[in-house]
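Novice: For reference, each letter of the sequence shown is one residue, going -14 to 154 in my numbering.
Keep in mind that a hint or two might mislead.
Claimed, not checked - Simulated restraints, written as ranges between beta carbons of each label pair:
hint, residue 1, residue 2, range
1, I43, K79, 30 to 38 Å
2, L38, A2, 54 to 62 Å
3, K147, T62, 14 to 22 Å
4, M36, E102, 16 to 24 Å
5, T82, Y29, 45 to 53 Å
6, Q88, F51, 39 to 47 Å
7, D104, F28, 43 to 51 Å
8, K147, L10, 18 to 26 Å
9, T137, H58, 27 to 35 Å
10, S9, L35, 35 to 43 Å
11, L121, L35, 56 to 64 Å
12, V3, G27, 16 to 24 Å
To be clear, the hints were calculated from the coordinates, so they are not data collected in a lab. The beta-carbon is built from N, C-alpha and C at its ideal position, and this holds for glycine as well.
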Amino acid sequence: MPHDLQKRESYPPFFQAVLTPHRSLSRRGMNIVLWCTGSIAGFYSLLLVLMGLWPAPILLAMPVLFLWLAFRHNFATAETYEEVSVSPLEVRLKQVTYKGEVQEYVLNPFHMKLHIEKDDDIGVTRILIRSEQLFLVIGAFLNPDDRTSFATAFSQAVHSAKNRGLDLV
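Model the full assembly from the supplied sequences, consistent with the hints where possible.
Specialist: Below is the structure:
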């Protein structure tokens, strides 16, 4: 067994990728949106209270609160990532959720099948790895363009691993 571990260390990964979800709005942008909606809701709340509609501030604060909760969840899920590496002997996948849960998989490239589901309009819709009784979805949080480019690079890397890296030379 120690000889097998030494042999594995002699093959460094030739493909490595860290997949992270894309967020188009920064925290500063989120604060600006929340301050603008809060200011508008506050202005109309004050106006409606002066007219005698005292429940209006409660009703106008609820959408701002829900918007804040949605942004909070969105930024929490932005902490999700996946690390993928391919060497001639193994394919390593590490999935980390936003809650900090880590799942690591080490797969043999000869015993795994890569399924890439495509749509003519969208591009790649899902990247699925099947190995024995294990089914893994990779990059589910990526946008279609990033998923398509990753699927192309990853399938070439798996093909190279099955050829023991000979087509990299």
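Novice: State for each hint whether it applies.
Specialist: Right, here's what the structure says about each hint:
Evaluation of the 30 to 38 Å hint for I43 and K79 yields a failure: the beta carbon distance comes to about 46 Å. Checked against the hint of 54 to 62 Å, the C-beta distance between L38 and A2 comes to roughly 55 Å, which is consistent with it. The hinted window of 14 to 22 Å between K147 and T62 is violated, with their beta carbons roughly 34 Å apart. One distance hint, 16 to 24 Å for the beta-carbon pair M36 and E102, is violated here, with the actual separation near 56 Å.
The hint said 45 to 53 Å for the Cβ distance between T82 and Y29, and at roughly 39 Å that hint is violated. The beta-carbon spacing between Q88 and F51, approximately 31 Å, falls outside the hinted interval of 39 to 47 Å. A C-beta distance of roughly 45 Å is found between D104 and F28, which places it inside the suggested range of 43 to 51 Å. Separation of K147 from L10 is about 41 Å and departs from the stated range, judged on CB atoms against 18 to 26 Å.
The hint said 27 to 35 Å for the Cβ distance between T137 and H58, and at roughly 31 Å that hint holds. Roughly 38 Å separates the CB atoms of S9 and L35, a value that falls within the hinted 35 to 43 Å. A C-beta distance of roughly 59 Å is found between L121 and L35, which places it inside the suggested range of 56 to 64 Å. Separated by about 42 Å at the C-beta atoms, V3 and G27 break the suggested range of 16 to 24 Å.
In summary, the structure is inconsistent with hints 1, 3, 4, 5, 6, 8, 12 from the numbered list given earlier, while agreeing with the others.
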